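Whenever a hint applies, use it, and build me the whole structure from the sequences.
Line by line, the protein sequences give chains A and B.
Numbering-wise, the first sequence is residues 1 to 164 according to my numbering.
Numbering-wise, the second sequence is residues 1 to 424 according to my numbering.
To be clear, the hints were calculated from the coordinates, so they are not data collected in a lab.
Being a predicted model, the structure only gives us computed values, none of them experimental.
If a hint is listed, it holds; no wrong ones were tucked in.
Pairwise CB distance ranges, derived in the manner of DEER restraints:
id: 1; chain 1: A; residue 1: Asn130; chain 2: B; residue 2: Trp47; range: 28 to 34 Å
id: 2; chain 1: A; residue 1: Asn130; chain 2: B; residue 2: Phe252; range: 40 to 46 Å
id: 3; chain 1: B; residue 1: Phe252; chain 2: A; residue 2: Gln129; range: 45 to 51 Å
id: 4; chain 1: A; residue 1: Lys120; chain 2: B; residue 2: Val423; range: 54 to 60 Å
id: 5; chain 1: A; residue 1: Asp115; chain 2: B; residue 2: Ala288; range: 30 to 36 Å
id: 6; chain 1: A; residue 1: Ala151; chain 2: B; residue 2: Gly212; range: 42 to 48 Å
id: 7; chain 1: A; residue 1: Pro147; chain 2: B; residue 2: Tyr13; range: 20 to 26 Å
id: 8; chain 1: A; residue 1: Gln129; chain 2: B; residue 2: Thr247; range: 51 to 57 Å
id: 9; chain 1: B; residue 1: Phe252; chain 2: A; residue 2: Lys120; range: 56 to 62 Å
id: 10; chain 1: A; residue 1: Asp115; chain 2: B; residue 2: Tyr266; range: 29 to 35 Å
id: 11; chain 1: A; residue 1: Glu111; chain 2: B; residue 2: Lys323; range: 48 to 54 Å
id: 12; chain 1: A; residue 1: Lys51; chain 2: B; residue 2: Arg91; range: 38 to 44 Å
Residues from chain B that face chain A, not an exhaustive set, calculated with beta carbons under 10 Å:
id: 13; residue: His69
id: 14; residue: Asp75
id: 15; residue: Asp148
id: 16; residue: Trp159
id: 17; residue: Lys161
id: 18; residue: Thr193
id: 19; residue: Tyr198
id: 20; residue: Glu225
id: 21; residue: Ala228
id: 22; residue: Phe281
id: 23; residue: Gly284
id: 24; residue: Val373
id: 25; residue: Gly393
Using N, Cα and C, we set each Cβ at its ideal position, and we do this for glycine too.
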Amino acid sequence: MMTVMRGIVHKYKRANIDTDVIIPGPYLKIHDHKELAKHAMEGLDPQFPFKVAQGDFLVTGSNFGCGSSREHAPIALSHAGIKAILSPSFARIFYRNAVDGGYLLPIEVEEATVDKISDKDEVEIDIKQNKINNLTRNESYTMKPFPELIAKIVEAGGLMNYKV
Amino acid sequence: MTITEKILARASYKPKVVPGDVVFTRIDKVMMHDVSGPGVIKVFNEWEKKGKRFERIWDPDRVWVTEDHFVPAADIVSSQNIIALSNWTKRYGIKRHYKYGLGQYGICHTLSHEEALVLPGEVYVGGDSHTNTTGALGAFSAGLGHTDIAYVLMNGKIWFKVPETMMFNLMGTKPDYIMAKDIILKIIGDVGTDGANYKTMQFSGETIKQLGMDERLTLTNMTTEAGAKNGIIEPDIITDAYLRKRTNTPYFPVIGDPDARFSEVYTYEIDKLEPTVAKPFSPGNVSAVRELQGTEIDKAYIGSCTGAKLQDLRLAAKLLKGKKVKIRTEVLPAAQSIYIEAIREGIVNTFLDAGAVVGPPTCGACCGAHMGVLGKSEICVSTTNRNFPGRMGHVESQTYLASPIVVAASALTGKITDPRDLVN
Ligand code: SF4
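What follows is the structure, given as structure tokens:
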């Protein structure tokens, strides 16, 4: 896992973006990750997979990923290109799926930080420093540090690689 | 310690845990279904590609597999998934594979209690978010994604952060025409869909003592909709009677200490509760049925792990008896055993006589997969647990979540209806 990542922000400021929106029910039978990526965020923005480039970020309202335990949700987002999500809070299963599967980083930030970042801003996330640098706006924000175990799992690249 | 803390402490070989502790916990039972199962298999396959061999899984006797989301096979992809799942359970000697069309089968959460697969005091994880349901039996039950389930199948343990517990004291006698669904919708409306994020929702109080197991299961099922890690009810004589009808296996119940600490304590006067629904597009968007009287609907759905247990069917049928539905009404019992009992009790005949269709147990329409998907303009009143955009079909279709009694009353009028207005 790289400790400094740079990418473009895709912002959906709504709170409670749920897993049915991120990857609708009919696609749950699909287990091909590339195929799932084509339907990422279909319930909110069908153009999403075409807008995102590898290494981009999502900035969203609170309780992101609420709803079902479908791991298809972080899989679809990460294979569409998203490498980190900045939100004031995440639903618990989405959070642990994202981390344990090693798909992408769920990063908790203040509500105000979400307000300050705009769609298409270029942002740098520095996990070691717990800092987010908005290169477009020349601003810096803090992120909530990962709890100890989460940081270790992130470093290992997922729970399967983590040695207890 | 609370019941949840005590169960987690015992399973992580610690004398004591406090909320916030991260523990690696021994697992007693594991479930996966036809959506999470293929995901688990994929994780195993990827590790085998990297050169790891899995001759066996941790404990095939503690695992069960269900076919529920896409049965009867909705298309070729679904049937291929089920074939892959069947081969996998055979390869690893998992005897409990509940197959569609082969005796008992049904929705994963329904089987966990119908078949007494989970017992009080156990730690149970399932590859589905509503695994919380089984907490009504006094177990720690939590949903996980398929990587975590694969990890459990390899190692027999998984990490948990010990949650804080929110206590919900339910007081008073439950009025007629009010069900557990009304109670939990009211609670979710108050705490919000992220109000219990990372926490435990525990239910207690005199109302709980009057509620049968099917009703208790509705409460814990929908704790997921408030973001809870688990929902739980301390086991009592109702729990024991329920289990003793289904299994002889001894179990070791756990209850909380008298000085257990709760992060929040809520008290609800259930005798004053009104029939309640959640409007589109959130389970937290609740309203009294009375405020929505007259809202026209196209379809009534009685199904899912939340709202198609035996008691749900009984109470819906009681209201429909001798009457005719005005809109399309679909009834899908949650498990084959419930279907059979509903036939024995004449409940299925009541539904058929009323003009409803009764289908095979399946998740089907609950997650918009098949078996009655909603079109763009359609509005449904449903006993299920979620009404996010697109949950039951087209993103613009609308779902109102309600109790089986309210759904039955609404089926009779074609409008959202307070059942008390029909009987008076
Ligand atoms: S019935 Fe609905 S809520 Fe229950 S397990 Fe199936 S899809 Fe999930």
